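These are the residues of each chain, in order.
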Amino acid sequence: MDQSPDSVHVDLQGDDELSPAITQVEELLRAFATTLRSYRLYAGNGPVLDRFGEVLREKFAALWDYQPILNVVVAENQILCDDVVVYNTGGESGDLAFLLFKDGIREITFLEGFEQDEVRTFLSILARAPQIRPDEDDLVTLLWEADLKLFRYSYVEAGSEREEGTADVSTASRPVDPDAIRSEAQAPPESTAVSAEDFQEARYFLDAAELRRIADEVRREEDRDLWKDVVNAVFDRLEDGSDERQIRIINVLGELLPSLLASGKADDAAVLLGDLADLVGRGDVFSPAVLREVRDLFAQLGSPEAVQQLVMMLELQNAESSEGLAALLSYFPPEAIAPLMRAGETAVRPNVRRALSQLIERLVTANRDHLAGLLNGDDPVVVAGAARWIGRLGAGAAVGSLVELLHNPEPAVRRAAIEALQELRASAAAESIVPLIGDPAVEVRIAAARALGSIGYSGARAPLEAAVTSKHLRSADRGEKVAFFEAFGRIAGPEGVALLDRTLNGKRWLGRSESSETRACAAVALAQIRSPAARTALDAAVNDHDPVVRTAVHRALKEVG
Amino acid sequence: MSSDGDRAVQKAGRDFLFAFHSALRALKLYPLENQAVQNALEEVDEAVRALSAREGGVTLQFVGNFCFVNDLRLRIDLGSYATFGTVGRALQKHGVGKLDVEPETTRREWVAVLSLLLEEGDDNDPFGRLTERLDRAGVEHIHPAPVAEAASSRTREANAREIARQTYTHSVAVAREVMTGVRIGKVVGLRRVKRAVQSIVDQVLNNEGSIVGMTVLRDYDQYTFAHSVNVCIFSIALGKKLGLTRAQLYELGVGALMHDIGKVRMPIELTTKAGSLDEPEWDLIREHPTEGLLTLLEMRGASDLPLRAMLAAYEHHMKVDLSGYPASNRQRNPTLFSRIVAVADGFDAATTRRTYQTEPSLPDAVLKEMRDNPRRGLDPLLVKAFVSMTGIYPVGSVVILDTFELAIVVEAGARKDVMHQPIVKVVFDDMGVPLPEPHTIDLSELDPVTGNPIRTIIKTTDPERYGIDVKQYFT
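Sequence lines, in order, name chains E and B.
Residue 217 in our numbering sits at position 217 of the first sequence, with consecutive numbering throughout.
Residue 1434 in our numbering sits at position 434 of the second sequence, with consecutive numbering throughout.
Hints should not be assumed to be uniformly reliable.
Said to hold, decoys possible - Short, incomplete list of chain E residues facing chain B, as computed with Cβ under 10 Å:
no. : residue
1   : Val140
2   : Glu145
3   : Asp147
4   : Val156
5   : Arg174
6   : Asp179
7   : Glu190
8   : Ala215
9   : Glu217
10  : Val234
11  : Glu239
12  : Glu255
13  : Ala277
14  : Leu393
Rather than coming from a laboratory, the hints here were simulated on the basis of the structure.
All figures in this text were calculated on a predicted structure; none of them were measured in a lab.
Ideal Cβ placement from N, Cα and C applies to all residues, glycine included.
Chain B extracted, bound-state conformation (with noise of 0.2 Å):
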């Protein structure tokens, strides 16, 4: 639409609006044949027919503190403002989140509608008790739509999924800057990354499913950078489990960040290398630790880097009984913080792609092996809590439904109760078919008959082998 006629349709959106306040008002203060009365349902049924004959039809719709006619959000000014609040409210004390309006709309239905806009909503069922009374009183031209609790919802998910993803790129951004600042000799500074580390923190906070859903965007190109990221949202997520403060979190979350910097002192042809590593090259792949923790003392600002974040860097592949490496000649216990990114690490590096494991493992199997195999060396408490916290089937886990229905799992399940059934997105039909909107399932919904789950997983797959790309599904 041309500004031209956006200034028209704000105009005569904003007319209805008044002539609809102007009625609401009229209605409360005078009976119906007062002549005051007549006139704004006058001015209602005038502007309806202004906006109708321009749009087909008059859309009046509130969404948060914003006001929409036909789909066009109405500027609110010092001339406006108390006019939108109060129509807002009418409709939302009803529940109404969206008001079609026919062209064909008497004054009759206006009286009806308005009176009833102008009590107190019902304390249980606002919506349904207006549109009970509606029908009863025979309107039939203009239609309530509830507040769309679902739509908004999504919205707000939507909305949510964004920041995360602008929160989970930019921080990829932040890791591949100061990594390859390192690799290049470049002076880098940390303001970057503590800014990158404090918002992955708000987010963790704030939006955790979100955020943690992004931990899927695996890029086989940027692993390292990706990794990094990855590790510092799952060792967040699992400090906060473990009732970190938002300061700790923080520290925890920079040491995680950085807890591979030691592999940009590798040779890149040995960090880029397909196939396996032999070992003259693991050895030279176990020095990355101690790599990690000199490059972090010598970087500027290092007098600002949270000693936890160092000694992360160095201890995240010790083992609990201080095998792994880098072997320790003095006395030596892990960081808690170095544990947590240990395991973080584990996960992430055992679910991805990357160039010296060609084949990533299923999440789940991850963990079980992560809590099975003491060979792994993590903390089997940690392990516990990160299980609780990623479920029995992580976000991005592939499954096959007792329905053969692939889906993706995009949500651990809340309670302990139904840590195996988890909230899924159905993404390929029974008959193999790929759905193009695929559709969001909790799988602890039970059949009102039976009492049983509506679905179950029946295992986890590959998803390379029905080609799925699961990023596709948290972007």
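Just chain E, same shape as in the assembly (with noise of 0.2 Å):
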């Protein structure tokens, strides 16, 4: 439509409003500012935060209603918009337009809808950048990780203006033959020359089923044990390497070890060490002096400290026991089991300790020679261990070393060795126990009772029958009142029930009986004997007004049957 220039009536409103309101950009800055420092004070939670984050929002609205996008230029200490200073500080070091200059950053640009969601990680990564370690991913790389939509920027790279001119130009200034490009034109194709079958497309463009195989190949990509590959390429390399080779790829496992069970990673590490026990098992690959590299690697896993490290990382990732860690236990070596028992003693979480104890199982299974060994050693708590592992796994040739821990200082070893003896039913040893009744500690005389009951050793009678009449027994805590009288009854058998009807049924001086405890223990002792007399001295009490001796008769009499 033509018009003439004066019959031109448009409204201009809104015409002024184009470019950015700077004190809008003033404000929203300071407000980042105030955000940023709040995420670092609250670590990026709390009510606080949501508040903040809300001015910030309401800042950024603001200043959409001006314009799509800001763009601001970032120096040192200030940040500008449209050449205009719209930020300044002090030049803190945690100031945010220094976080964004010192790594790099030179100019940002917001646009609408930022303020959203991608605001959150925005400052959730500046919160961090003061933090970060001169060897950890700065700034740049951490934006560029999050792949924010609707935040960019630009950086420079520190140095970058070093680079220059990096490519040696020449220029191609003088002439050259005509008659030399048109023989060259017009001489015969060489065979590697481009065809006109080249130019047929199906012969460079993928197909559809071309790109479909692409595509599950990515997929499959993606679900790959990548680790299996890289220890199949070291595996290859050590099998067939020289001596030094060898020795450097010893040293990079040994590297990767703790790497991987710091990341849990223990099937890696178990495939890792299986393999290498592999090549060891050959006999053929490696040399001497590599053999030991490689025996001093197997050997540094068994160290107190790695073992410590592998109990820590169980205590922290709440371990149960995994297939993955039970296979790398089969590669530690003995020496990793008086540790690990020391750790099984002292780890905290009982899930924990169970799954150590499966652990320690696998390894001493493989290795009970070793075991006898650790009986000699210093730490009581790894004796001790030992000692009832070998009861456990029925190491009859140790009995000799288990007697002589009956003398051991420490209580806890001398119940350890009372207990493996009991378990290996070692009736030669019990002459040896019998002592111990009379042990000062009363785990250690608990223990010794136990065992001679279990055992059978007539040769106890005498002092238990002493025992179960002392006066001691009399003001012991019931565990141990209960095991002697248990130990009593087993050894003594019928020739007992007298003495335990008496216990039971009888009145003392002044007609007075024996305290309910002692009492429902004799019971629990004739449930023991099993005979005739024995029911009769039950059937007795069956009655009793003590609800106590009561209990213990009726569960004796059901033992009985």
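With the hints as a guide, dock the two chains, each given alone in a separate frame, to form the complex.
Laid out in structure tokens, this is it:
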């Protein structure tokens, strides 16, 4: 439509609101800096941050009324918008401008909508930035990985100005012989030259089926066990390398193991150790010098420090025993048994103790001979542990060493030795156990009584009889009483009924009975004997007025049948 | 110009822009005879006179968000941003990028120009319609120029190329730093490698033509470093073609950039040896993938290094049938990323002059050989995808046209049907004379009369034969 100049009447309103309202930008950046400080202060959480976040969103919304994007330039201590300083600081190291500037960011752009979700990610990254160590990813890398869609930045690389002029440029200023061009053009084509058939697009462009194949392969790549590929590569080269390379690879493996374990990849570590053990097993792969390195590597695994780390990892992950961990432990040297036992005793979490116990079992089963050696150690925790495992594994050859441990100054060791002998049913050692029913340590006395009862060592009858009638036992705790009465019942058999009947049903001086607990223990002992006389004794107390005794008698009668 | 002079032009330019804006506004609100309009027009005249007296004329230009008066960018501030915006939009809606104003401009001419600028622009050809009406109105001293599409696209292209060049040179520097650091036993972090690869990924995603073009900047003295960066660029570009995600492209890029790191463990006299290598020397060279893997495993921050990157260093000389090197005793199936790097590596190595390869092959011949020679052992599907990415005549190829001009391929043909018709820069005319300003031609352009291509490629040629340094046309 053609119009004469003076017929034009268009409302100008709104035309004045085109560029960034600088005051809005200033307010926004101030709010940004305040929110950033709060993010650091409250470690990215808390209702206070929500309020700051809301203010920031309002500031952005106000700005978007003027323009759809905000582009600012970052200087060391300032931020500028259209050459106007919109943010100024005193150059504090954690400041917004400096944070961005120091990692090379020179220009940033926010797009409308940034304030909805991406602002949180951005603030979290900025809040982390002052703590980033020199060897960690810097701000630019973190922002790249965050892949924010509504935030753009440009940056410079440190020292990039020195990288100018890498290409050595020369100019083609001399004419060339045009006939040379013509004759080359007219020369018959060489076999390598592009031919007419090369213009067929089918030869170069992937068809639908091929694209599908690629897409499938990309998907498969994501699920691939890349670690196995790396380990296979390393072991291929370990297998055929020179001594020097083999030692280098062993060192690499030594570095890898802790990092694998630290990241909880026990399965991967087990695969690695398994392959290494296989190569050692072949016998012809390593020279003696390399073999020493390999053995050192395995030995390192068994060091107390390494085991402590493993236990810490288990504690941190609150892990149950896993197949991977079990497989890993099978490659630990016998030297690892002692530190593992100690760790098993000191682990805090019950499931970790359980897991360690399972792991130790695998290790000791494969290294029984090593166990006996541990009985001579200095660490009572380990000695006691080894003694118990000897008992559980039925390693009868160690009976002599266990008997020696009965004199060990540590009650825990004496007890463990007794229990091991009990497990071994070592009647030859029973005589040595007898004195321990008078041991100063209650747990040793209990263990000794139980062991003797369990073995059925008749030589212990008299001392046990003395014990169950002693003043001492009357004042002992219930556990000790039960152990002694039970042992006496088992060893004395029918000959012990009279004594036990007296204890259960008899009256002492002035018509007083034994204590409820002692009488109950006598009932327990009678249940072990199972003779008619024992039953008669129990029947006599079946309606006893003392509920403790009555309950014990009823239970004993059930056992007797 | 001195800063005092700048300030004076700033002020005069700003006065002119404000007068221009006032006149536009007055004409919009009042009839021509209104005193406010007349005053505003008088101010425009005065501003033009003042500037012309100093500069000989007035040129008002808007480039993007910036306003220039006589090539001086006017500073936008709180007191001027709306004025800038209004004037810029008035020009833009008519497709005007620039106004040249002669000192002799009359008030009648200003009225015509300003009034027409106030109207809505023509949907189809705003600039053509405006100039047509200005002609009819007898405007002789004000010359609008269109928003220079070609010029601005050239500017954008130049900017993109400059950014690509910076990314490229920086990445070469990073490769050099890392490899040299490893050679001398320095503790090398991966932070700079990550940033370099991330930049290349961004460039390939947003500016592929420019960054791929940089691969011709091969430097004999920095072969290993530039080659690593080239392989990184080609690999990422191929990965993009195959539909890999941004994160996958990053992993691929790290592997590609570090694929030859094992070479730094080779004796330096071997990697810099002129001429061919004998068998024992080749045996040593064949160790570099293993050395690469071990080096990456030993490197600080290896836990951060993608496993695929380590495998790319180890597997990039393995063939699809597992021949090649290193040999595999255990089960192995080179990763997709390793096979991509192998293709990129094979192409760049064969087209580059390097120590133990004195004569590089022509790019098209290399592609053909990669495709047709099974002994190369490359994944045929990936080679196919690679060629569809580079075109039959890859960027940097020197070609003889049927006009007997010599040209350099600067961009692959964009469509399937024009892959043999890339965009070229003609550098020598048909008389063998180098062109001081090489011109760019799309070889898929057809002669409107015959319907045939205006120029076609006869064959590729060796740039050295004609003393052409391909690099200079990409910097």
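Structure-inconsistent hints, enumerated in ascending order: Of the numbered hints, 13, 14 do not hold.
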